[in-house]
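Enquirer: Each protein sequence line maps, in turn, to chains A and D. Per the working numbering, the first sequence starts with residue 42, numbered consecutively. Per the working numbering, the second sequence starts with residue 375, numbered consecutively.
Any given hint could be a false lead.
To be verified - To give an idea of the chain A side of the interface with chain D (calculated C-beta under 10 angstroms), a few residues:
no., residue
1, ALA48
2, THR50
3, ILE52
4, SER53
5, VAL60
6, TYR73
7, PHE76
8, GLN80
9, LEU86
10, PHE88
11, SER128
12, ALA129
13, PHE132
14, LEU136
15, LEU143
16, VAL144
No lab work stands behind these hints: they were computed from the structure. Virtual Cβ for every residue (Gly too), placed ideally from N, Cα, C.
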Amino acid sequence: AQKVTQAQTEISVVEKEDVTLDCVYETRDTTYYLFWYKQPPSGELVFLIRRNSFDEQNEISGRYSWNFQKSTSSFNFTITASQVVDSAVYFCAGLKAGAQKLVFGQGTRLTINP
Amino acid sequence: NAGVTQTPKFRVLKTGQSMTLLCAQDMNHEYMYWYRQDPGMGLRLIHYSVGEGTTAKGEVPDGYNVSRLKKQNFLLGLESAAPSQTSVYFCASRPTGGGDTQYFGPGTRLTVL
């Protein structure tokens, strides 16, 4: 069985601070995929990134960066110099290779205060 | 290119009524999914389809039926709505590559009184 844990239910920071959202994916599988989605107040789910289990390179996209460590099953997401528009619920999800069910964490509600 | 669209955006039903939610995608994706999102529970898979004419049960299929008569459409039906089906419903689609990303529609907020 797979499980995605996002231990931080809510985070609140002041604009321009850096913030890291934690995600742990528990699985016995060696091949899997990890995802981050953003759900802004408008409600839609926006895809941010996909990472496969055999690629541990960190990835940076503008103010966003992701750190995947297979040894600890963690796939953490950092926002640098946060902005009010980053306020949203962020979901981490995992997918076993060959499976259909995307397993979601419970989400982290991020609030960026001006 | 509209991506994944869902109809309707909002709906209120009375217990026992029936309705159909429509999902359409214009990306020529083979796979389509229906999820429900409830507070504190993330998203859970209801049913999915790996191609036109096929459907399969997900994690929480009871009380729902689906059909995939055309590749671009995936319908979710509630035959006799119950208050426990009050939720936000999301449709998603993806291509056939292993581990490919699922792209989500904007969601349908359903309230059953």
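Enquirer: A separate judgement is required for each hint: does it hold in the structure or not?
Expert: Status of each hint after checking the structure:
A cut of 10 angstroms between beta carbons decides the hint on ALA48/A: the least distance to chain D is about 14 angstroms, and the hint is violated. Interface restraint check for THR50/A: the shortest CB-CB distance to chain D comes to about 9 angstroms, inside 10 angstroms, so the restraint holds. Taking 10 angstroms as the C-beta cut-off, the interface hint given for ILE52/A is violated, the closest approach to chain D being about 16 angstroms. Here the hint on SER53/A is broken, as its CB sits about 18 angstroms from the closest CB of chain D, past 10 angstroms.
The criterion of a C-beta within 10 angstroms of any C-beta in chain D is not met by VAL60/A, whose closest approach is roughly 20 angstroms, and the hint is violated. Because the smallest distance between the Cβ of TYR73/A and any Cβ of chain D comes to about 8 angstroms, under 10 angstroms, the interface hint for this residue holds. Taken as an interface hint, PHE76/A checks out: its beta carbon lies about 7 angstroms from the nearest beta carbon of chain D, inside 10 angstroms. Taken as an interface hint, GLN80/A checks out: its beta carbon lies about 9 angstroms from the nearest beta carbon of chain D, inside 10 angstroms.
Satisfaction of the interface hint for LEU86/A is found here, the shortest Cβ-Cβ separation to chain D being roughly 4 angstroms, below the 10 angstroms cut-off. Because the beta carbon of PHE88/A sits about 5 angstroms from the nearest beta carbon in chain D, less than 10 angstroms, this interface hint is met. At a threshold of 10 angstroms, the smallest CB-CB gap from SER128/A to chain D is about 18 angstroms, leaving the interface hint violated. At its closest, the beta carbon of ALA129/A sits 14 angstroms from a beta carbon of chain D; the interface hint therefore is violated under the 10 angstroms criterion.
Because the beta carbon of PHE132/A sits about 7 angstroms from the nearest beta carbon in chain D, less than 10 angstroms, this interface hint is met. A hinted interface residue such as LEU136/A counts as satisfied when its beta carbon comes closer than 10 angstroms to some beta carbon of chain D; here the least separation is about 6 angstroms, so the hint holds. A cut of 10 angstroms between beta carbons decides the hint on LEU143/A: the least distance to chain D is about 6 angstroms, and the hint holds. Checking VAL144/A against chain D by beta carbon gives a least distance of about 8 angstroms; that is within 10 angstroms, so the hint holds.
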